[in-house]
Amino acid sequence: MKKLDINKESQLLLGEFKVCQKAFIALGDETRQQIIIALLESGCKGLCAGEIPEKTKLSRPAVSHHLQILKDAEIVAVRNEGTRKYYYMSASMTQWSKIAAILNHVNDLVIEITKRKEE
1 MKKLDINKES QLLLGEFKVC QKAFIALGDE TRQQIIIALL ESGCKGLCAG
51 EIPEKTKLSR PAVSHHLQIL KDAEIVAVRN EGTRKYYYMS ASMTQWSKIA
101 AILNHVNDLV IEITKRKEE
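In this note's numbering, the protein residues as written are 1 to 119.
Do not take every clue at face value.
Keeping only pairs whose Cα atoms sit at most 30 Å apart, straight-line, the calculated DSS-like set for lysine-lysine is [to be verified]: (1) Lys-55 with Lys-45; (2) Lys-71 with Lys-3; (3) Lys-98 with Lys-18; (4) Lys-57 with Lys-45; (5) Lys-85 with Lys-8; (6) Lys-117 with Lys-98; (7) Lys-55 with Lys-22; (8) Lys-115 with Lys-18; (9) Lys-3 with Lys-18.
The hints are simulated quantities; they were obtained by calculation from the structure and are not laboratory data.
If you're wondering where the values come from, they're calculated on a predicted model, not measured in any experiment.
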């Protein structure tokens, strides 16, 4: 198996990370994690905007702010049903595929670095 060029791979990883930076910021906040958990617990149908403050014990303005960040990061999506907005976990594979690729890339680098230390 060919050895990876650690410096080159690190630069590639940096580029990948910059592309997903919004998603990592969105996922890294505990309050947004509470919202994500509530949405996951609700299943595919999602939650009406008014239900999220009840489930998370957050104020409506706080929920609105955090939902916007999650939406901008393509983590959460919204659909309108009449006058109600329902939020749910985004099924768009684009963002999730990018995040998975970064994690796999980090894993490959860690394995390579560990092997080199053991040599």
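Hint check results:
Our distance criterion of 30 Å between C-alpha atoms is met by Lys-55 and Lys-45, whose separation comes to about 15 Å. Distance restraint check for Lys-71 and Lys-3: the Cα-Cα separation of roughly 39 Å exceeds the 30 Å cut-off, and the hinted pair is therefore not satisfied. Simply put, Lys-98 and Lys-18 have alpha-carbon atoms about 11 Å apart, close enough for the 30 Å limit, and the pair holds. For the given pair, Lys-57 sits about 21 Å from Lys-45 by alpha-carbon distance, which is consistent with the 30 Å threshold.
Restraint check: the Cα-Cα separation between Lys-85 and Lys-8 comes to about 45 Å, which exceeds 30 Å; the hinted pair is violated. Restraint check for Lys-117 and Lys-98: satisfied, since their Cα atoms lie roughly 29 Å apart, inside the 30 Å limit. Proximity of Lys-55 to Lys-22 is assessed by CA-CA distance (about 25 Å); at most 30 Å being required, the pair is judged to hold. A hinted pair counts as satisfied when its Cα atoms are at most 30 Å apart, and Lys-115 with Lys-18 qualifies at roughly 27 Å.
Our distance criterion of 30 Å between C-alpha atoms is met by Lys-3 and Lys-18, whose separation comes to about 25 Å.
When each numbered hint is compared with the structure, violations occur for hints 2 and 5.
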